[in-house]
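Note that the protein sequences, when read in sequence, are chains U and A.
The opening residue of the first sequence carries number 28 in the working numbering; numbering runs sequentially from there.
The opening residue of the second sequence carries number 0 in the working numbering; numbering runs sequentially from there.
Any given hint could turn out to be false.
Just some of the chain A residues that point at chain U, by a computed CB distance under 10 Å [to be verified]:
id : residue
1  : Met36
2  : Leu71
3  : Gly76
4  : Asp78
5  : Ala86
6  : Ala123
7  : Gly127
8  : Leu128
9  : Val131
10 : Leu132
11 : Arg134
12 : Glu173
DEER-style ranges, computed between Cβ atoms [unchecked claim]:
id : chain 1 : residue 1 : chain 2 : residue 2 : range
13 : A       : Gln104    : U       : Thr228    : 52 to 62 Å
14 : U       : Lys324    : A       : Ser57     : 56 to 66 Å
15 : A       : Ala153    : U       : Glu271    : 37 to 47 Å
Just so you know, the hints here were simulated from the structure itself, not pulled from any lab data.
For clarity, every value in this text was computed on a predicted model and none was experimentally measured.
For glycine and all other residues, C-beta sits at the position ideal for the given N, C-alpha and C.
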Amino acid sequence: MTHSTRDLTVEGLARVEGEGAMHVVITDGEVTDVRLRIYEPPRFFEAFLRGRAYTEPPDITARICGICPVAYQMSSCQAIEQACGAVIDEPIRALRRLLYCGEWIESHVLHIYFLHAPDFLGAASAIELARDHRDVVERALQMKKIGNQIMEVVGGRAIHPINVRLGGFYRAPTRQELRPLAERLRWARDASIETVRLVSTFDFPDLEIDHELVALHHPDEYAITEGRVVSDQGLDIEVSEWPEHIVEEHVARSTSLHGHLIERGRYLVGPLARYTLNYDQLPAVAREAATEAGLGKECRNPFRSIVVRAVETVAACDEAIRLIEGYSEPDRPAVPVEPRAGVGHGATEAPRGILYHRYSIADDGTILEADIVPPTAQNQDAIEADLRKLVAANLELSDHDLQHLCEQSIRNYDPCISCSTHFLDFTVERR
Amino acid sequence: MDGAAGAPPVRSAASPVRCGARDGQPRIVVVGVGNPMRGDDGAGIAVVARAWPLLPPSVEVHIQSGEATALLDAWEGADLAVVVDAARWATPPEFGVTRIDAVDQPDALSGFGAGASSHSLGLAEAVGLGRVLDRLPKRLVLLLVAISDDAHGAGLSVMAEQRVGEAVLALVAEVHGVTAAPAG
Chain U
28 MTHSTRDLTV
38 EGLARVEGEG
48 AMHVVITDGE
58 VTDVRLRIYE
68 PPRFFEAFLR
78 GRAYTEPPDI
88 TARICGICPV
98 AYQMSSCQAI
108 EQACGAVIDE
118 PIRALRRLLY
128 CGEWIESHVL
138 HIYFLHAPDF
148 LGAASAIELA
158 RDHRDVVERA
168 LQMKKIGNQI
178 MEVVGGRAIH
188 PINVRLGGFY
198 RAPTRQELRP
208 LAERLRWARD
218 ASIETVRLVS
228 TFDFPDLEID
238 HELVALHHPD
248 EYAITEGRVV
258 SDQGLDIEVS
268 EWPEHIVEEH
278 VARSTSLHGH
288 LIERGRYLVG
298 PLARYTLNYD
308 QLPAVAREAA
318 TEAGLGKECR
328 NPFRSIVVRA
338 VETVAACDEA
348 IRLIEGYSEP
358 DRPAVPVEPR
368 AGVGHGATEA
378 PRGILYHRYS
388 IADDGTILEA
398 DIVPPTAQNQ
408 DAIEADLRKL
418 VAANLELSDH
428 DLQHLCEQSI
438 RNYDPCISCS
448 THFLDFTVER
458 R
Chain A
0 MDGAAGAPPV
10 RSAASPVRCG
20 ARDGQPRIVV
30 VGVGNPMRGD
40 DGAGIAVVAR
50 AWPLLPPSVE
60 VHIQSGEATA
70 LLDAWEGADL
80 AVVVDAARWA
90 TPPEFGVTRI
100 DAVDQPDALS
110 GFGAGASSHS
120 LGLAEAVGLG
130 RVLDRLPKRL
140 VLLLVAISDD
150 AHGAGLSVMA
160 EQRVGEAVLA
170 LVAEVHGVTA
180 APAG
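Chain A with its partners taken away, still in its complex shape (with noise of 0.2 Å):
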């Protein structure tokens, strides 16, 4: 998906929407991707819209359109990553929202992408580059929400604000269940 636009503040991988942590404590990045004015492939600038209040303020915010490089530089370094953008399945899953670990399930991310195409490298070729390049962080988690429609405009559907309102809660665990951890 191309640019991303609307609702919350859109910032790139350099100057991210917020950026807080301090010496010592673990250095956690959220990035929210999509296309707000394409339908439901907003949900992950949502999820992380809407979570945003329930995060630690240490942790760093992103609003990306999903362009890899921009992915790469937001997360290099982190102790933990979380990307969460809209994805279409060619099979439903039996969730609405997919939780996958892209360091530890190397192979979870095959067959996702269209590959590059002449404008951008997308999410699964950020995450097959950082791998190849060493350029991931030591935790990258992706919450994927499962979407069907992708249709010019903005809102999401009443199946996407469901299933939005389920990842972010998965977010907030995700990120807590780090901040949460006893140093060390």
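One chain only, chain U, in its complex shape (with noise of 0.2 Å):
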């Protein structure tokens, strides 16, 4: 039998951020192999940790990520505060609430226009994207400009907050620094409806995950900072629970570890599985916006991320200014977090997903050991499926109509390979 082979190379895929590289081989039209392949250096955060004094791994590890540097920052404090038995005031919490928030706008604006919006306007980057749609790039800039000042305002600064500590945070804003936000909050919400209005007009491809979808729930709220962790296939564990039902594991091709459900595989968190768990959770406003959108009370289609990360714009727009306008200013900025031995368990909602450390601290405050899964290790696995049916269902492509595809899908997840300068070569070997 005759083989034909075709490579396929891209160096610099844009909008994705990390350093990887996939494979896809297709042998006599079977998709036989598809790698996602992470070649970063590890960076070793989990052992800068070790010997470090309990309260700086808020601030340590808020350096992990430019874009999602709170989630680093809530996940630590949670489980170096259960670790250590602080109980947080309410006032703490809905302001920890309200840093989030201020991420997830932020964030969420980011990969809705500048990444993944091109992708379906047919634009090769954001300048494009604004040279033919003007008026969406101006709003665009004006709803991100708004998460930024939610994380100037309760944070400190926009990048790497530095208000945070264990406990709460160092100085708690007054009610007159918040106001003038909610007003501006309000003009976000009634954007991201627009948002919701835009994208889901988008000719989205045909895809359907069968991934067991985990998010953190909580029955009174859509769960960010806290909740327990669930799927749709009956998972329904406290996040202490998590290191006897979640496992890492190592792949050759990676120096990303792999995360997989004990006894169950691949899994999917993010967008997607908080939609699809904690629908009944989101606040009306975001609930009709998905109506309008189309959308059903779960959606499977990862092109449609989209869609939902902009119902989860609108969600967080409307939780900021219900937290603004609830907001008294706390009798205390921090709660004592005094040292004891014990382990702690944290989890909270990254943008991409869920973000879960766990620390195990001595008497003395001293961290003996920490572990951090990020959402894009637990991912991986769904990223590699995705790729793997899509290319089986589209064969008949051209190598470039094909490559695109598969860019895009890889976009649907918005992948954080890590924090510096990200490459991925894409190869497709047909044989």
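Can you join these two chains into the complex? Each is in its own frame, and there are hints to help.
And the structure:
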């Protein structure tokens, strides 16, 4: 039998964060291998943390990511506070949720408009998008700025906030400082609804996923800062039970660990999982926007994740307004957190999905062990499975079109491979 | 590059480190861009920190990470904006500090930047967006300090230190060229 091999390589896939490569092998019309290979050097943050003081992880781990530092701060605080037996006052909890809303707005708007929308609007970059859709980009910049402003007022600065500490904050903002944000957020909520309308008109490729969907769930609110870990296939555990159900494994082709559910396999975290598992907890205005956009109570097409992110942006704006309107300055900006020997677990919903932290602490507060599981590590198997399914269903496409479809599919998940300079080589091998 | 922390006061576009422009004077904005926790990537911030005492008090000084929306806010409406950043070149340039007039030389930035990532839009994207959205200052000068090392950790290499000195002189000359010009 004669085999024909075609190789296609693209250097510098735009609008994805991280250093990696993707290799697709098609043999006699069958997809025989799909590998998302991450070769960026590991950064050893967990090793840095060993021997450090229990007060340091919120600042150290925030440096892992430039777009979701709040997620790292909140998950680490939660884990250490649990280990130390600290109970957080309700006003501080609300302030943390407000800060997190700022991060969601900032991150989601960036992804929706500047990373994902160009795929659907036929633009190669944000600048090209601005040339053809000036009003859309102007709106996006204003929305993102409001997310940044929440981060600045509550967190002290827009990137890597400096006002977060164990037990709460170094300083709580005044009502007067927060009030101007509410008016801007009302505009942003309307702009988010317009965003849902815009992105819902895009032409979405067909793809239905069957990954187990995993997200935090809270009965009274759309889970961001806390909740039980649940799935659409019956998983329902406390965050502290995480190590008994989820394991990370090393695969030779990647410097990033792959997360699996023990004896169940791959799973997916992030907007699709959150939306599908927590639809009833969305604020009414977000549910209405979703309905108008044609979304049901669940969404399993990853290309439609752009619509889900827009719905979540509506929710984040609405929630931020509610929190600001109900805000009263806490009696104290932070509760005391005294060290004690123990193990603590924390999990919050970063924009890309669950971010889990676990710390083992000595009685003097020295960190003995740290474990951090970011969302992209959990989603790698799901991304590969999507690519396999997508390539198999679109073999008739040219290499160029197939490559574009695969790049778009990777962007569905907004992967954050690392926080440095990033390239992804794409190779299709047809035999 | 993500995030800026360390040496000089770090502020966002919304709150410049120093803002003292008076009525009738040209509004001059200086932005130091980089991450001092990533070796030579802190060169842009080092330049602005060292030039600061030599700049007229009316000059508005910002230290930023290079995030595009913050840059657009910082320079919008300025008569002159000077952005100092570190740059890695595929082919090392002839000089350690490269000056680009981003308004008069729109093609000079083609090929710059890695494009948008899931973390941010950078300086090249900010210039491109500013041009398309009419949000560039009247004059925008980029001073790019050539670097080769952006490893983790604080501190500049010997080579970068030398180039920072050159860039300080270039920055001060750029600003004084405007402030010394006759009004009108």
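Does the nearest C-beta of chain U fall within a distance shorter than 10 Å of the C-beta of Val131 of chain A?
-> holds (4 Å)
Restraint satisfaction for Leu128 of chain A [CB to CB of chain U, less than 10 Å] = Given a least distance of 6 Å, the restraint on Leu128 of chain A holds.
Does Gly127 of chain A meet its interface restraint, that is, does its C-beta lie within less than 10 Å of any C-beta in chain U?
-> holds (4 Å)
Satisfaction of the Glu173 of chain A interface hint, Cβ to chain U closer than 10 Å = Since the shortest Cβ distance to chain U is 26 Å, the answer is violated.
Range agreement (Cβ of Glu271 of chain U with Cβ of Ala153 of chain A, hint 37 to 47 Å) | holds (41 Å)
Can the hint on Leu71 of chain A be confirmed by a CB-to-CB distance to chain U that is less than 10 Å?
-> Since the shortest Cβ distance to chain U is 7 Å, the answer is holds.
Holds or violated: Asp78 of chain A as interface residue toward chain U, Cβ cutoff 10 Å?
-> violated (22 Å)
Can we keep the Ala86 of chain A interface hint, with Cβ of chain U closer than 10 Å?
-> violated (12 Å)
Assessment of proposed distance window 56 to 66 Å (beta carbons of Lys324 of chain U, Ser57 of chain A) | holds (58 Å)
When the nearest CB of chain U is found for Gly76 of chain A, is that gap smaller than 10 Å?
-> Violated: closest Cβ of chain U sits about 15 Å from Gly76 of chain A, beyond 10 Å.
Interface hint for Leu132 of chain A, Cβ within 10 Å of any Cβ on chain U = holds (6 Å)
Taking the least C-beta to C-beta distance, is Arg134 of chain A closer than 10 Å to chain U?
-> Nearest chain U Cβ about 9 Å off; hint holds.
The structure does not agree with the numbered hints 3, 4, 5, 12 and 13 stated previously, though it agrees with the rest.
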